[in-house]
Amino acid sequence: DTGVSQDPRHKITKRGQNVTFRCDPISEHNRLYWYRQTLGQGPEFLTYFQNEAQLEKSRLLSDRFSAERPKGSFSTLEIQRTEQGDSAMYLCARGTSGLGGTGELFFGEGSRLTVL
Amino acid sequence: RKEVEQDPGPFNVPEGATVAFNCTYSNSASQSFFWYRQDCRKEPKLLMSVYSSGNEDGRFTAQLNRASQYISLLIRDSKLSDSATYLCVVNIRVTGGGNKLTFGTGTQLKVEL
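Residue numbers (the numbering used here), protein chains in the order written: chain A, 1 to 116; chain B, 1 to 113.
To be clear, the hints were calculated from the coordinates, so they are not data collected in a lab. Hints may be right or wrong, so weigh each one.
As the list claims (entries may be wrong) - Partial selection, computed: residues in chain A whose CB lies under 7 Å from chain B:
1) R31
2) G42
3) F45
4) Y48
5) Q50
6) L55
7) E56
8) G72
9) F74
10) T76
11) G103
12) E104
13) E109
14) G110
Unchecked claim - Straight line, CA to CA, 16 Å or less: simulated EDC-like cross-link-like pairs of lysine to aspartate or glutamate:
15) B:K42 with A:D7
16) A:K71 with A:D24
17) B:K45 with A:D7
18) B:K45 with A:E109
19) B:K42 with A:E109
20) A:K11 with A:E78
21) A:K11 with A:D1
22) A:K11 with A:E83
23) B:K79 with B:D39
24) B:K100 with A:E104
25) B:K45 with A:D1
26) B:K110 with B:D82
27) B:K45 with A:E104
28) B:K2 with A:E44
29) B:K42 with B:E5
30) B:K45 with B:D82
31) B:K42 with A:D1
32) B:K110 with B:D39
33) B:K100 with A:E56
34) B:K100 with A:E44
We treat Cβ as the ideally placed atom computed from N, Cα and C, and that holds for glycine.
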């Protein structure tokens, strides 16, 4: 158990619809990350929160993507007007404690999105 | 050019074989280095950190060459349970002390009887 819960585990949607994924770290960790993984590729960094502040965003995160962490605990990732290219596994991760931590990330089981 | 490059494999090896994976990275500012393991349709999990002095964890040995920007992983006496995708990962510290991990595409290992 990595201490990161994601919901839903699977989502099938039609192109143009909006989807939202939720990430719950079991205990509060000040650093929370979102990654995206497509078939045959490694995970790609999307964004990073320290507490409720979104401190880094990848250029992969187009205007259709928005992430929030309103109270510094759970986080949501919303994709508006989904496209088939958004089909991927969306992974949430927490870092280790302390200043910078060890660099190790603990991933949730992911939310798999299929856009038809 | 990708920031982290790996041979995607697959590497098909018999049980008991020794197998080596290599990886190169392009960002000389990378600060820490890891190998992650990912089983089919599962999340990635840390296998081991990688240090310039080399480090060993049981049957696994990792090595970093900062001058060549090259990382390696050696698996000795491979087991069926080692079958997985091995992801080479480099890390850069970002704002607020967080960590931005960049993953390679992964090398797939299949250990066979």
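Checklist entry - Which numbered conditions among the earlier hints are violated in the structure presented, ordered from lowest to highest? => result 8, 9, 10, 17, 21, 29
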